[in-house]
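Q: Protein chains in written order, with the working numbering: chain A, 3 to 403; chain B, 665 to 836; chain C, 9 to 127.
Since the hints were made in silico from the structure, they are not lab data. Careful, some of the hints might be misleading.
[As the list claims (entries may be wrong)] List time: in silico SDA-like cross-link candidates among lysine to any residue, alpha-carbon distance up to 20 Å:
| no. | chain 1 | residue 1 | chain 2 | residue 2 |
| --- | --- | --- | --- | --- |
| 1 | B | K684 | A | A29 |
| 2 | A | K243 | B | E689 |
| 3 | B | K827 | A | A29 |
| 4 | A | K106 | A | P132 |
| 5 | C | K101 | A | P132 |
| 6 | A | K243 | B | A717 |
| 7 | C | K97 | A | E395 |
| 8 | A | K248 | B | T700 |
| 9 | A | K243 | A | S169 |
| 10 | A | K248 | B | K827 |
| 11 | A | K243 | B | N737 |
| 12 | C | K101 | C | E81 |
| 13 | A | K243 | B | K827 |
| 14 | B | K831 | A | D270 |
| 15 | C | K76 | A | I401 |
| 16 | B | K831 | B | S821 |
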Amino acid sequence: MEVDIQSLETFNQLASEGAQQATAMLAQMTGIQAEVEVTKITLMDRADVGEELAGQAFVGIGFDLEGALVGDTTLVFEEACTGPIVEALPGGAAGEEMVESSVKEIGNIMMSGFIDGWADFLRTTIEHSPPRYVEATGADVFPAANDPNEQVFVFKSHIQWPGEDLSFYIYMLPAYDRLTELMADSGTGDDAVPVDKLSVFNEMTKQGTATAADNVTQMTGIETDAEVTQISFAPIEDVPKQVDNKSYVGTAVEFSGTPSGYLMILFDETSAMNVAEALMPMEPDGEGFTDMHESAIEEMGNIMTSGFIDGWANVLETSVDHTPPRVVHDMGRAIIDPLAAQVGQQQEHAFIIESRMQTADLEFGCEIHALPDDAELRQALGDLDVTRKDQTEPDVETIFE
Amino acid sequence: MKVYDSGKGTMGSPEQERVKVGIAEYEVTTSDATLTTSGLGSCLGIALYDAEAGVAGLVHVMLPSAADVEDPNTAKYADTGIETLLLEMERSGAERGRVRAKVAGGSDMLDFSENGSGIGVRNMQQVESTLDDLGVPLVSDDVGGDHGRSLRLDGASGDLTVKSANKGSKTI
Amino acid sequence: MSEVLIADDSEFMRNLLREILEEDHRIVGEVENGVEAVEVYKEQRPDLVMMDIVMPIRDGIEATDEIKNGDPEATVIMCTSVGQEEKMKEAVKAGADGYITKPFQKPSVIEAIEDAVGA
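This is chain A alone, in the form it adopts within the complex:
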């Protein structure tokens, strides 16, 4: 199945406009001025959907879709949103028992706003079921997955309500086959991406993340697990919003080959300190984040970068070079924006390959973000022989007898 870049852009745009329409509906009903922060399409394991919501309490309003699009959509409100939303309704401040039905009805109207544009674009109708009201923690706000290991496209919008410092989200999970058919049909055939191979690429990247996590474990003794690996598609100006704006320490490289692009390994400050000290053979001289810490992070970034991209090169039977790592210690978005701008000179949208890893024992988190050139990523996918997808390790025996 081939989907061209243009139809990925179109579908991202539909989701983005849908989210804006839904937000406008909310404003009409309640006067709440919320703003759509970012909308992106992500290909990921069904089991990982909503991983970023972990540990928080939410109210979800769920719908089944039928017609041109099949699947489900959930409006996810931070639990603290529901009170102010209900109060803002005309005649607001209704009793407890009214909260559920009010939020359900708001959800219902927002959902119509979200989906109407899709139906118009597809020149057909999309039906949605009556709303389901769910109070749950984290990803339990979504309907249970049929097959957790299946890779799915998720359309996710993050909407912020600055007045109350609250967020809500729209997650649409269409059935993969129907969606990819629709995307394939709406394209022009130029710059086509073989979407099924995108899933394979995701699996290869997952392997690369596992290797990078193993590297951390071997070097530091900190047991580290690969958590999530996904590939997203978004307008270039939304790329920096991938990263939090808190302070990070990490490395960035430019890689070249098929594909080429930029890759960042980012640790939050505490994690960077922990990792660097676990790596150092002796006590650091001086206080805080010293040159020794920096040098340790630089080498860690170097090794993790190789661990991450070597798998691509081995499966694709090519080589992907990278520059020596540059160490950065700055606001997250300031780190990623020069890389997004460099990619943005050639393209208006970008694929973002993203992985995260964590450990249970110690406060440690690490994010990997790669921004490939999209023409070269398409080339790489075209070249990809899916029967080699597990060959991420080099065949050392034959090279060195």
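Based on these hints, arrange chains B and C on the given structure of chain A.
A: The following block gives chains B and C in isolation, referenced to the frame of chain A:
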């Protein structure tokens, strides 16, 4: 793009209103609101204000020029971003002859370009030439270097506070 | 006691290698790129070069190629984070006598050196 006037404050906040400006976005205030934008690397924040009319605006641009691209998002580029912001401010009562500009950002951190100047530098060159073309004087700037910045524009005074991750903050 | 040249752009990695090697070997130089590696090799003619691949100015495979061209008896062990099959083939072609992937354990470094220089 909306204009924040005194009639449309958010949800009864007693403090001075703060309005976030995202990447490739702009905002205008006529109500002395504080306009903020964060995480500028090679991106530039351009603040324009007309103190007499009480109109201020901030745009967060990513790339130098919209020439040769078909991109509807004018606020993404330095040239069209500044033009759009100025027009919107004029619509809100600003007079071009009184408008002043302050600029911050445009770091050359993580610039991998091997020849020619990096995006941060080219962004700033474009800003200077666009402001010059429009006849808007650039009164102060804090650009370049190898660190990120976050900005806060006080709509009442035109003060632009520039904060860096590791280098403290200053007002220009 | 053999003489070793360490070529790696990471100070951290040079320190780590020095600690492992200085028990049994004499470190004759530590350099940060492939150009310096070739220069110092020509001056010092050490028994062994521990050579990183990804380095600024000139990478370790090119440097190995030049060292081996000038002195076919030279012993060069690649010591790198790169685990790509095509790169390993390039290293073999350039004449590398061993290939250690980072992160490494001390025994594997010692073993690789013993295999390469027969010490």
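Q: With reference to the structure, classify each hint as holding or not holding.
A: Comparing the hints with the structure gives:
Our distance criterion of 20 Å between C-alpha atoms is met by K684 (chain B) and A29 (chain A), whose separation comes to about 18 Å. Distance check on the hinted pair: K243 (chain A) and E689 (chain B) sit about 13 Å apart at the alpha-carbon level, within 20 Å; holds. For the given pair, K827 (chain B) sits about 33 Å from A29 (chain A) by alpha-carbon distance, which is inconsistent with the 20 Å threshold. Of the supplied pair hints, the one linking K106 (chain A) and P132 (chain A) holds, its CA atoms being roughly 9 Å apart against a limit of 20 Å.
For the proposed pair K101 (chain C) and P132 (chain A), the alpha carbon gap of about 66 Å is over 20 Å, so the pair is violated. Using a Cα cut-off of 20 Å, the hinted pair K243 (chain A) and A717 (chain B) is violated, with the two alpha carbons roughly 34 Å apart. For the suggested pair K97 (chain C) and E395 (chain A), the alpha carbons sit about 14 Å apart, so the restraint of at most 20 Å is met. Between K248 (chain A) and T700 (chain B) the CA atoms are separated by roughly 16 Å; this keeps the pair inside 20 Å, and the hint holds.
Straight-line distance between C-alpha atoms of K243 (chain A) and S169 (chain A) comes to about 15 Å, which keeps the hinted pair within the 20 Å bound. The straight-line distance between the Cα atoms of K248 (chain A) and K827 (chain B) is roughly 13 Å, inside the 20 Å bound, and the hint therefore holds. In summary, the hint linking K243 (chain A) to N737 (chain B) is supported, as the alpha carbons are separated by about 17 Å, within the 20 Å threshold. Restraint check for K101 (chain C) and E81 (chain C): the C-alpha separation of about 15 Å stays at or below 20 Å, so the hint holds.
This hinted pair checks out: K243 (chain A) and K827 (chain B) have alpha carbons roughly 19 Å apart, not beyond 20 Å. This hinted pair checks out: K831 (chain B) and D270 (chain A) have alpha carbons roughly 18 Å apart, not beyond 20 Å. Restraint check for K76 (chain C) and I401 (chain A): the C-alpha separation of about 19 Å stays at or below 20 Å, so the hint holds. A C-alpha spacing of about 24 Å is found between K831 (chain B) and S821 (chain B), which places the hinted pair above 20 Å, so the restraint is violated.
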